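S.K.: Residue strings, one per chain:
Number of protein chains: 2
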Amino acid sequence: MDQKLFKYADLLVRAGGNVQPGQPVVISSDVADAGFARLVSECAYNAGASEVVIDWTDELSARMKYLRASDEVFDMFPPWRTDRFKYYDDRNAVYLHILSSDPDLLQGVEPGRIKRATKVMREGTKAHRAVTMTNERRWSLAAVPSPKWAAKVFPELAEKEAVEKLWGLIFKGARADGENPVKDWEAHRNNFLKRVDYLNETQFSALKFKNSLGTDLYLPLIEKHIWVGGGAVGRDGVPFFPNMPTEEIFTMPARIGAEGRVVASLPLSYQGSLIEGFWFEFKNGRVTDFGAEKNADSLKLIVDMDEGSRFLGEVALISNNSPIAQMKTLFYETLFDENASCHLALGKAYPYNLAGGCDMTERELAEAGANDSLLHVDFMFGTEDMSIIGIEPSGTEKAVMEKGEFCI
Amino acid sequence: MDQKLFKYADLLVRAGGNVQPGQPVVISSDVADAGFARLVSECAYNAGASEVVIDWTDELSARMKYLRASDEVFDMFPPWRTDRFKYYDDRNAVYLHILSSDPDLLQGVEPGRIKRATKVMREGTKAHRAVTMTNERRWSLAAVPSPKWAAKVFPELAEKEAVEKLWGLIFKGARADGENPVKDWEAHRNNFLKRVDYLNETQFSALKFKNSLGTDLYLPLIEKHIWVGGGAVGRDGVPFFPNMPTEEIFTMPARIGAEGRVVASLPLSYQGSLIEGFWFEFKNGRVTDFGAEKNADSLKLIVDMDEGSRFLGEVALISNNSPIAQMKTLFYETLFDENASCHLALGKAYPYNLAGGCDMTERELAEAGANDSLLHVDFMFGTEDMSIIGIEPSGTEKAVMEKGEFCI
Numbered sequence: 001m002d003q004k005l006f007k008y009a010d011l012l013v014r015a016g017g018n019v020q021p022g023q024p025v026v027i028s029s030d031v032a033d034a035g036f037a038r039l040v041s042e043c044a045y046n047a048g049a050s051e052v053v054i055d056w057t058d059e060l061s062a063r064m065k066y067l068r069a070s071d072e073v074f075d076m077f078p079p080w081r082t083d084r085f086k087y088y089d090d091r092n093a094v095y096l097h098i099l100s101s102d103p104d105l106l107q108g109v110e111p112g113r114i115k116r117a118t119k120v121m122r123e124g125t126k127a128h129r130a131v132t133m134t135n136e137r138r139w140s141l142a143a144v145p146s147p148k149w150a151a152k153v154f155p156e157l158a159e160k161e162a163v164e165k166l167w168g169l170i171f172k173g174a175r176a177d178g179e180n181p182v183k184d185w186e187a188h189r190n191n192f193l194k195r196v197d198y199l200n201e202t203q204f205s206a207l208k209f210k211n212s213l214g215t216d217l218y219l220p221l222i223e224k225h226i227w228v229g230g231g232a233v234g235r236d237g238v239p240f241f242p243n244m245p246t247e248e249i250f251t252m253p254a255r256i257g258a259e260g261r262v263v264a265s266l267p268l269s270y271q272g273s274l275i276e277g278f279w280f281e282f283k284n285g286r287v288t289d290f291g292a293e294k295n296a297d298s299l300k301l302i303v304d305m306d307e308g309s310r311f312l313g314e315v316a317l318i319s320n321n322s323p324i325a326q327m328k329t330l331f332y333e334t335l336f337d338e339n340a341s342c343h344l345a346l347g348k349a350y351p352y353n354l355a356g357g358c359d360m361t362e363r364e365l366a367e368a369g370a371n372d373s374l375l376h377v378d379f380m381f382g383t384e385d386m387s388i389i390g391i392e393p394s395g396t397e398k399a400v401m402e403k404g405e406f407c408i
Numbered sequence: 001m002d003q004k005l006f007k008y009a010d011l012l013v014r015a016g017g018n019v020q021p022g023q024p025v026v027i028s029s030d031v032a033d034a035g036f037a038r039l040v041s042e043c044a045y046n047a048g049a050s051e052v053v054i055d056w057t058d059e060l061s062a063r064m065k066y067l068r069a070s071d072e073v074f075d076m077f078p079p080w081r082t083d084r085f086k087y088y089d090d091r092n093a094v095y096l097h098i099l100s101s102d103p104d105l106l107q108g109v110e111p112g113r114i115k116r117a118t119k120v121m122r123e124g125t126k127a128h129r130a131v132t133m134t135n136e137r138r139w140s141l142a143a144v145p146s147p148k149w150a151a152k153v154f155p156e157l158a159e160k161e162a163v164e165k166l167w168g169l170i171f172k173g174a175r176a177d178g179e180n181p182v183k184d185w186e187a188h189r190n191n192f193l194k195r196v197d198y199l200n201e202t203q204f205s206a207l208k209f210k211n212s213l214g215t216d217l218y219l220p221l222i223e224k225h226i227w228v229g230g231g232a233v234g235r236d237g238v239p240f241f242p243n244m245p246t247e248e249i250f251t252m253p254a255r256i257g258a259e260g261r262v263v264a265s266l267p268l269s270y271q272g273s274l275i276e277g278f279w280f281e282f283k284n285g286r287v288t289d290f291g292a293e294k295n296a297d298s299l300k301l302i303v304d305m306d307e308g309s310r311f312l313g314e315v316a317l318i319s320n321n322s323p324i325a326q327m328k329t330l331f332y333e334t335l336f337d338e339n340a341s342c343h344l345a346l347g348k349a350y351p352y353n354l355a356g357g358c359d360m361t362e363r364e365l366a367e368a369g370a371n372d373s374l375l376h377v378d379f380m381f382g383t384e385d386m387s388i389i390g391i392e393p394s395g396t397e398k399a400v401m402e403k404g405e406f407c408i
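First to last, the protein sequences are chains H and Z. Counting from 1, one number per residue, gives the positions in the first sequence under the working numbering. Counting from 1, one number per residue, gives the positions in the second sequence under the working numbering.
Just chain H, with the same shape it has in the complex (with noise of 0.2 Å):
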């Protein structure tokens, strides 16, 4: 077991954020995963980090301030937290996440305070957020399970059981259990470029998604978008693995014009709550109606955001055969979800998806036709039976999809 953490914390330094000599290096971890967090730590002195920062946090505490605090609290970033992010972005730190959140962590809370929380927290890491949205500073994203995690995933299990046998899916999720993960990784990136490279090349104007559980949806992509996946590269040249695992293809919608129904197809874990059984509908690109079967409450915190929270910000294909897929697993943590089935994420779209959208003001992104939002929240909707279509410019039919499998 020691080893196989070493080689998977060494993989995150080395693969997901591509930590090079001189570079310092910010964890963010749960104090309940010190031990892993040394570990990264430890890999990324081995990469040569100037320095390692890590950034604490203790979901524990977070739930007790959510629960007990003063209400005026909930309105205040402290600057001094936007001020850390400039400091570690300016000296072009690299960002590591452990991810281990108990997706049942914030039931209970009042949802006021968290959707304001919420969004001071995104409006004190909006640079921060620019830097990394459109690759100028790396970062990546990994997964560690905890003991309540562990046993949401797996309630039938004893909790030991349930935190092997979740350790288990993520080393092999995030291709870590090989020889030699880090040459697997590049492999994988390998494998994605004949796909993404032909549909840059199509530049399909819109496509079609339908199956049989009721999602008909027209979405058209904006022009000049970019396809990514298999990883991203800084904007220095350096390849990096934004999450891990990664098994999506995605770009950016237009902000203006989808039309028709989305079903999704895996229940939502939304700070704390699991929103099942939803549904949303499309009119010329905004959310005009939506609904749950449970906590719709929670969704409608994510739907009024703001404005740009009605809107798409990204679509995202996955085959059925994706290892993640396979798993036919419930992970409740998107960074696993959003690789088992296609997806659409609400809110701000990532610059990248667009040809020079990197280099552009937000007014001009705005113009080209991105959305945006303080919110970037995936959900799925892909199901075996999925079926895309795509538009050529010409207005030529492709199929993209079928029975949840590429035909490109």
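Any given hint might turn out to be false.
The list cannot tell twin chains apart, which means a pair is met if one copy fits it or any two copies do.
No more than 20 Å apart at the CA atoms, straight line, and that leaves these computed lysine to any residue pairs for SDA-like [claimed, not checked]: (1) LYS86 / VAL73; (2) LYS148 / GLY35; (3) LYS328 / GLU72.
Quick caveat, the hints were computed from the structure, so don't treat them as lab data. Keep in mind that this is a model prediction, so the values were computed, not measured.
Once you've looked at the hints, dock chain Z against the given chain H.
M.R.: Here is chain Z on its own, set in the frame of chain H:
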């Protein structure tokens, strides 16, 4: 045990920091002590804290950084860290510190790195230390046994027994093991008052220390000095206990004038190394010679930090019959060891040990004869045969302590 821990956490909040409704609380804690830190948080919210912020540290990561980070890192103290203190100082926060350090943590670290990091840290936290050292903001220190610390104190015991035994001494030493510890601390405060009042009225111009270990020191006290013991009173009138435990009565020596030799009676644990068998020669207040049987290098780090670290900033009297003195245990932690024995401190003096000192500028304090330094390092020199004679302004001599016990 759960109830004992809860009482101890509550004591730190109510008697230690004396948190008042609406105040933010900043807890500093190692990630290994997360469980206790959360208990303290809970007690702080019970006392009406508006918000609890935990400033997490991780001593193992700190050690890794000392060993592996780039050299220039040790001359930097990021401005956001200064701003963070200012943010909470401005909001009238109470600071609670949980101590649990492995006394040997920094063994093998290059001393120059520690010295440089300490220097920039002290400079970066100068404004914050000013408001805590003048009692403008309340703060309190309490200890929690880490396995490594416990193993150092009781090397003959197995880890579990060592931790249990250290917990026992901490509860007892911090007077946290009674039915109602908060009340016990009220009584503790009142017991100090008579002796403190006598000393403040008498206004000895100097003290003469002598014992069989070789100490023979003439120590002038600053004019209008104030003896403090049994806790402090915030500038807003709210009482608090900066240290738990506290058994000392202490005041400010004059910067100029100490003459003679001081031989330490206990080793000094300083930044990971244990300085043993050490002594100082004072001439006109200044350390003119010093030596140690072990780790003289670390002693040199202290003495040479700056000019002020060669002069005295505190003299504290502790009776042989204090509960901690009775334990006859070397704790390798100043918070405990300083309550076992009379001690002196090299470095900065506390302004509240001088009448009007809290309202003086740095320059006025210096002109009044108070010592200033980036450091404040306590060391023990009390023994069972310590004799202290006080010299009244008239020249009359009075016995203050005989054979290690007060005779006032």
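S.K.: The structure should be examined with respect to each hint, and the outcome stated for every one.
M.R.: Here is how each hint holds up against the structure:
1. In this assembly of identical chains, the alpha carbons of LYS86 and VAL73 lie at most 20 Å apart only when taken from different copies (17 Å versus 23 Å within one copy).
2. In this assembly of identical chains, LYS148 and GLY35 lie within 20 Å of each other by CA distance both inside one copy and across copies; the values are 17 Å within and 16 Å between.
3. Taking the shortest Cα distances, LYS328 and GLU72 never come within 20 Å of each other, neither inside one copy (43 Å) nor across copies (49 Å).
Consistency note: the structure conflicts with earlier hint 3 alone.
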